[in-house]
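Each chain is listed here by its residues.
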Amino acid sequence: MKKTGAEILCESLIKEGVEVIFGFPGGVLLPLYDAFPKYPQLRHILVRHEQGAAHAADGYARVAGKPGVCLATSGPGATNLVTGIANACLDSSPVIAITGQVAKPFIGKDAFQEVDITGITLPITKHNYSVRSAADIARVVKESFLIAKTGRPGPVLIDIPRDVFTESAEARHPDKVNLPSYKPVLYGHPTQIRRAAELINGAKKPLVIAGRGVIVSEAYQEIKELAEKAQIPLVTTLLGIGCFPETHVLSYGMIGMHGMAYANTAVDQADVVVAVGMRFDDRATGKVSSFAPRASIIHIDIDPAEIGKNVRVDVPIVGDVKNVLQALNKQITPADHVDWLRDLDEYRRCHPSMDIRETDKLLPQYVIRQIFEATHGEARIVTGVGQHQMWSAQHFYYVKPNSLISSGGLGTMGFELPASMGVKVACPDETVWCIAGDGGFQMTLQELATIACEKIAVKVAIINNGFLGMVRQWQELFYGKRYVATPLYGPDFVKLVDAYGISGLRVSDKKQVPAAIQKAMAHDGPFVIDFQVDPEENVFPMVPPGASIAECIEMPRPETVDSRR
Amino acid sequence: MNGLYHTLVALVEDRPGVLNRVSSVLRRRDFNIESIAVGRTDQPELSRMTIVVNAESANVEQVRKQLAKLIDVVKIIDITGESKVERELALIKVRTSPATRGEIIHIVNIFRANIVDVAPDSMIVEVTGDEDKITSLLALFQGFGIKEMARTGRIAITRGGIGPLVVEEEPKVVRQARKPPVPESPANW
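These protein sequences, in sequence, are chains A and B. Anchor point for the first sequence: position 396 equals 396 in this note's numbering, and the numbering is continuous, going up by one each time. Anchor point for the second sequence: position 60 equals 60 in this note's numbering, and the numbering is continuous, going up by one each time.
Keep in mind the hints are simulated off the structure, nothing from the lab. Incorrect hints may appear among the rest.
Unchecked claim - Below, computed lysine-lysine pairings styled on PhoX-like, alpha-carbon distance capped at 20 Å:
no.	chain 1	residue 1	chain 2	residue 2
1	B	K65	A	K183
2	A	K205	A	K142
3	A	K183	B	K75
4	A	K3	A	K183
5	A	K2	A	K38
6	B	K65	A	K309
7	A	K3	A	K149
8	A	K205	A	K183
9	A	K38	A	K3
Unchecked claim - Among chain A residues calculated to face chain B with C-beta under 7 Å, some are:
no.	residue
10	F36
11	P40
12	P123
13	I124
14	N178
15	P180
16	P304
17	K309
18	N310
A quick note: this is a predicted structure, and the numbers were derived from the prediction, not measured. C-beta atoms are modelled at their ideal positions from N, C-alpha and C, and glycine is treated no differently.
When you get a sec, could you build the whole thing from the sequences and use the hints?
Below you can see the structure in the form of structure tokens.
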């Protein structure tokens, strides 16, 4: 039976299990939006800016276990998606971005709202398609979903001209995909796995560095077995947080520029590093030439192009983390590494990193810790980028799998609010806390309207220090305290959210924090708390740019409270 | 660049935009493409690219892996160290006069080139060979005056046996005769 391109697209999306589309209509999308009422099983969430749609689809994809879909019209709609697509690309998130395009006869002629979006997104998508016939839509959608979610996940863009939506074609939904060139390697090479096992079994100071690949591959059990079987301490990257319970005795926190001093020291001292599903990002490694200088490095990753890219690797294993670890764990002999763990614990005792300064001031770290206390870690934390992100990574103990959703690779301020929307839509029964900076919040706060309108019950904590805090911190430490363009005027956030019909609260006294958090959690619906925190608090530990991660600056601390263990 | 000339050969899907995708990866990694030649293959849906870049081996291997990730790239290998045949074709329009014509024809014969067009004041010479041969011929023609020239860029193919680029439709028996593929050999790192 013949159907229009718009109908074929909707049916193809439904066949791929799509339930939600974050979108914004426009001229060339009219025929598609006109078809939506025929498919009530597709929930369309109208965002207020296309960037919000892309981030929401990204947040959705990271927790839903299936690709998130965003939709934008041609021209400015499409270019507004670009930041969100790049963010998804760098964090390997399976996002399907569908853009409308001007009708075929107008393409390439600078028509109204025309932009070469496939050209623009070429380097920031895993793949992209420019559809030229309604008969191709079903195949392209099928291929796109396969490409987006398999191997190393990533965004796929599908550009569809207006006349393709209206054109009729036979709706043939293919059962399988024919992509001869696309064959992700899923199983590690046995010889390499054996060599890795030999290295680990012979190690005196082994260390596991776990990244987001563990979460993507859902290898929670496998990574735990690897750590426990041979008593190997485990550290994570920023995006690896949530792959291993942080209250576990073998967890030594996060590495990197704002990683725990003891985690970075573990990397420095280790004799064998097992890097699992991570890509040695510069914020994680610090100065590459002095990264893990004493260690043989085993690198497990599904993307062959990541291996040997930044850091020399002794044993490369290309494959899906879950499969590789299952094979590897069989060959690991039980061990205890008592001396190594004792050394690390001793170092951790002397360099706590997780303590919060005792003061009457409202410290941002305290706010984060109180959110942990109130939720017992049973929440999804969504952050933007900057100081609040680092405090969220440090001072919340992530015990629930995949519970930190953050913009890592691209470092997109303003990711938090729209992404938390996507997370909450994917997990409506879970508590979702959006931890925002006052800078990033002002970049995408138009999504408050979406949140209010669609009744998306996210809880928002604005860590409001009246500064672009991370940049200010660098100015303080490396630019002689010259605060150029970082003092940040903000609106009265409580009045602002009230204008959107969302309840809010301002907290500037430390004593009010627990009650405010309880009130937000008890509230039926979205809730925003404006935490007016100490403006010049810095994120420590900090590895100065260009330094080895073993040389971190710790917080000057005469007295401490709230020791981690 | 202090590196070596590397010859990468790729089988790619014959679709619009594929050359753009390939060159975009090279551009992003700041590679200057010495030459790139694209043509059809015996399989209608596939094209073959020969890309010559001048760079360090480690960087070429990294960019090769990034190119291999492109969905439209079916296979890509670096045949720099392989035993291979490399050719380039050039069409050279050289200035002639009744006095020089004989000498030019003589040079053309020595180089086993062909004269494919003759005009009163010029002729077009077609020459095939490796870059050295074409460069030498050009040097000789400089004296007469080169009016115009077009070069194809290098194409290359490995000698003997079954080429490492062959993908689909090869007979099973031949496939078994080949060395089993090693997914990720440490020798590459």
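Verification of the hints:
1. B:K65 to A:K183: Given that 20 Å is the threshold and the Cα spacing comes to 13 Å, the pair holds.
2. A:K205 to A:K142: violated, 46 Å
3. A:K183 to B:K75: holds, 11 Å
4. A:K3 to A:K183: Violated. A:K3 to A:K183 sits at ~32 Å, over the 20 Å cutoff.
5. A:K2 to A:K38: Distance ~16 Å between A:K2 and A:K38 Cα, so the pair holds.
6. B:K65 to A:K309: Holds, at about 10 Å.
7. A:K3 to A:K149: Violated - the C-alpha atoms of A:K149 and A:K3 are around 27 Å apart, more than 20 Å.
8. A:K205 to A:K183: violated, 36 Å
9. A:K38 to A:K3: holds, 13 Å
10. F36: violated, 29 Å
11. P40: violated, 33 Å
12. P123: holds, 6 Å
13. I124: For A:I124, the interface hint is violated, since the closest Cβ of chain B sits about 11 Å away, which is over 7 Å.
14. N178: violated, 10 Å
15. P180: For A:P180, the interface hint holds, since the closest Cβ of chain B sits about 6 Å away, which is under 7 Å.
16. P304: Holds. Min distance 5 Å.
17. K309: Holds: closest Cβ of chain B sits about 6 Å from A:K309, inside 7 Å.
18. N310: Because about 10 Å separates A:N310 from the closest Cβ in chain B, which is outside the 7 Å limit, the hint is violated.
Violated hints, listed in ascending order, are 2, 4, 7, 8, 10, 11, 13, 14 and 18; each of the other numbered hints is respected by the structure.
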